[in-house]
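Read top to bottom, the protein sequences are chains H and D.
Read in order, the letters of the first sequence correspond to residues 1187 to 1438 in my numbering.
Read in order, the letters of the second sequence correspond to residues 2 to 361 in my numbering.
Be aware that one or more of the hints could be misleading.
[As the list claims (entries may be wrong)] If you want the footprint, here are the derived chain H segments under chain D, 3+ residues with CB under 8 Å: (1) 1228-1242; (2) 1257-1266; (3) 1271-1283.
[Unchecked claim] Here are the computed distance ranges between Cβ atoms for each label pair: (4) H/1400 x D/170: 43 to 49 Å; (5) D/295 x H/1343: 36 to 42 Å; (6) H/1301 x D/335: 49 to 55 Å; (7) H/1420 x D/292: 55 to 61 Å; (8) H/1301 x D/30: 25 to 31 Å; (9) H/1196 x D/170: 24 to 30 Å; (10) H/1301 x D/38: 37 to 43 Å; (11) H/1421 x D/27: 58 to 64 Å; (12) D/189 x H/1245: 53 to 59 Å; (13) D/27 x H/1429: 56 to 62 Å; (14) H/1301 x D/349: 36 to 42 Å; (15) H/1211 x D/170: 43 to 49 Å; (16) D/217 x H/1278: 32 to 38 Å.
No lab work stands behind these hints, which were simulated from the structure alone.
A virtual CB, placed ideally from N, CA and C, is assigned to each residue, including glycine.
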Amino acid sequence: MIEASDLTVERGGKIILESYSLCLERARILAVLGANGVGKTTLINTLIGILKPKSGRLSIDGPVGFVPQLFEVPFAYSALDIALMGRARHLGLFGAPGRKDYEIVRHYFHLLGIEHFEPQAFNALSGGQRQLVMIAQALASECELLVLDEPCAALDYKNQDKVLALLEHLRDEHAMTIVFSTHMPQHAVEIATDALLMLSGSDYVCGPTADALSAENLSTLYDLPIARADFMGLSKHTYAPVFRHDGGSLNG
Amino acid sequence: MSSSSAKASAGRTTTGAVGRKLGSGFVLPALVCLLVAVTLYSVTIGRYDLSVADVTYILIDNVHPIVTPYWDPVQEVVVEQVRVPRILAAIIIGFGLSISGAALQGLFRNPLVDPGIIGVTSGAGFGGTLAILLGLQGYLLLTMAFLFGIGSVFLVKLLSTVRGRTSMLTLVLAGVVISAFFSAAISIAKLLADPFQKLPAITYWLMGSIASSNYLDVLLVAAAVVPSAVAIYLLRFQINILSLGEEKARALGARVVLVQWIVLVASALISAGVVATSGIIGWVGLVIPHVARALVGADHQRLLPVSGVMGAIYLLLVDDLARTVTTAEIPLGIITALIGVPVFAVILRRLHAKGGWSSD
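Model the full assembly from the supplied sequences, consistent with the hints where possible.
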């Protein structure tokens, strides 16, 4: 689905990513982890085609849908209006959504169980609800690759669970390929088949989640000891930071 | 136009629209009826007192006489040569300015934008001033106004775009800068103008008035407004998408730059047409889209036509005021500014309270 080799991306004349290569099969979920400012957003913008790579080769078979981080609009659009905009690629320059487009959007609203949002003002919805509408918008574009920028940021646990479950469902039932960025290794553990750990602009670890996601790699990634933690009584685990309480460095 | 909006309203019968109570299917026809009523009423007022029936008979008489003419030929001239062209001008100008204001606000995702704010009006004003100074009229004046109008849009866009992003705040500031520049240029032109003939012509023209409109003016402004308004309406769904922000629009597959330029050129053409025939009539494009948005929501498919018709009604009423409040005519631009500025202040306060400036 995604094949990138020796990708170099610039932003504002500065090289952000250097010789990144990655490969993702159809119907897999890639989690992208990295510290703030390492270039996660740049990578995402390259995948969705907003940024053109300076050199290297990037090929994606199939249309790409994008769900931005916590989205707000300046005007009072309804949730339906917002989701309909996902049809842009299928309508000409002068076109407007017709019966078929409404049907497609309603289909995805039904799939996500958010039919009752339709008439509501988008900005009046909660963060989690807005995230679902944006996912409906991306799906309405009939994409095969879904790219999400921190889909769980600023969501409470229950909504995080909902979004993660939805992404997994889309992969399992609809053979969707998914790329999402996150700050929580647990999100990757829960649903990702593959993980990309962006250590720096030119250094990274990429591979199946089980291999790439290790306490050692994560400790390097976050520059902080990260430990594997098993949930008592469950066959599940996560990775969590071991905070150092190193207040001394603040005074120095 | 009506068939596609009917299709949309059929598609959203169950929605009840944006948490707003009014169905769009009802708002537009109601406004059109109101426009017809206000138009007929506007023809009756003035120094010659005429009833709506008189006016209707006089106008219908041109097509097919249904009653024997009982009116004074002077009354017929007043209606047909003085009042009707002026009223048509008000309708077309109000329609054009409002539709371009609504489109620009969507395009720049900024509720404070109108053709005046982003510098088109003063640019076109300078172009027109220069044309008068050089003794040009009609289509040449329109062309000059258009060229300077589009030039100022280009400058504003250039000044406010950094690395492909146009921020809300810099856009308005760039508009202020360009407006200030062209105001200074207009002053220079006035200074150079012949104080007995050209200076008064320029000064009165710049204040904005449709008092002396004739059918040629109406034709001129219609030639500028009608194709531009059609182009903007055709792009209604693209404007929706662009109002989500340039990056999001690009990710959705919209042709961002092309749409931006079509809307900007169309708006510049509307402003130039208005300025060329009637001088600077500001603030209409700022005020009306807000009222329209409150009625039918933000979807440009409904917003654009509703804004246009509301703008036509608004400017017609303002012009009635200009004609009747005092014995001497008040230039239209003065009244629209007196109404527009407080509205701008209120929107600014509200936007500030929502933290609107922090996001771009």
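Each hint tested on the structure:
1. Figure legend: the stretch 1228-1242 of chain H, annotated as covered by chain D; annotation consistent (4 residues with Cβ-Cβ distances under 8 Å, at least 3 required).
2. Figure legend: the stretch 1257-1266 of chain H, annotated as covered by chain D; annotation consistent (9 residues with Cβ-Cβ distances under 8 Å, at least 3 required).
3. Evaluation of the coverage hint for the stretch 1271-1283 of chain H: fulfilled, as 10 residues show C-beta separations to chain D shorter than 8 Å, against a requirement of three.
4. For residue 1400 of chain H and residue 170 of chain D, the Cβ-Cβ distance of about 46 Å falls inside the hinted range of 43 to 49 Å, so the restraint holds.
5. Between residue 295 of chain D and residue 1343 of chain H the CB atoms are about 38 Å apart, so this pair conforms to the stated range of 36 to 42 Å.
6. Evaluation of the 49 to 55 Å hint for residue 1301 of chain H and residue 335 of chain D yields a pass: the beta carbon distance comes to about 51 Å.
7. Taken as a hint, the range 55 to 61 Å holds for the pair residue 1420 of chain H and residue 292 of chain D, whose Cβ atoms sit roughly 58 Å apart.
8. Hint check: residue 1301 of chain H to residue 30 of chain D, Cβ distance near 29 Å, so the stated range 25 to 31 Å holds.
9. Between residue 1196 of chain H and residue 170 of chain D the beta carbons are some 26 Å apart, a value that agrees with the proposed interval 24 to 30 Å.
10. The supplied range of 37 to 43 Å is met by residue 1301 of chain H and residue 38 of chain D, whose beta-carbon atoms lie about 41 Å from each other.
11. For residue 1421 of chain H paired with residue 27 of chain D, a C-beta distance near 60 Å keeps the hint of 58 to 64 Å intact.
12. For the pair residue 189 of chain D and residue 1245 of chain H, the beta carbons lie near 57 Å from each other, so the given range of 53 to 59 Å is met.
13. In this structure the supplied range 56 to 62 Å holds for residue 27 of chain D paired with residue 1429 of chain H, their Cβ-Cβ distance being about 60 Å.
14. Here the CB-CB span from residue 1301 of chain H to residue 349 of chain D is close to 38 Å, well matched to the stated 36 to 42 Å.
15. A C-beta distance of roughly 45 Å is found between residue 1211 of chain H and residue 170 of chain D, which places it inside the suggested range of 43 to 49 Å.
16. Between residue 217 of chain D and residue 1278 of chain H, the C-beta spacing of about 37 Å keeps the proposed range 32 to 38 Å intact.
Of the numbered hints stated above, none is contradicted by the structure.
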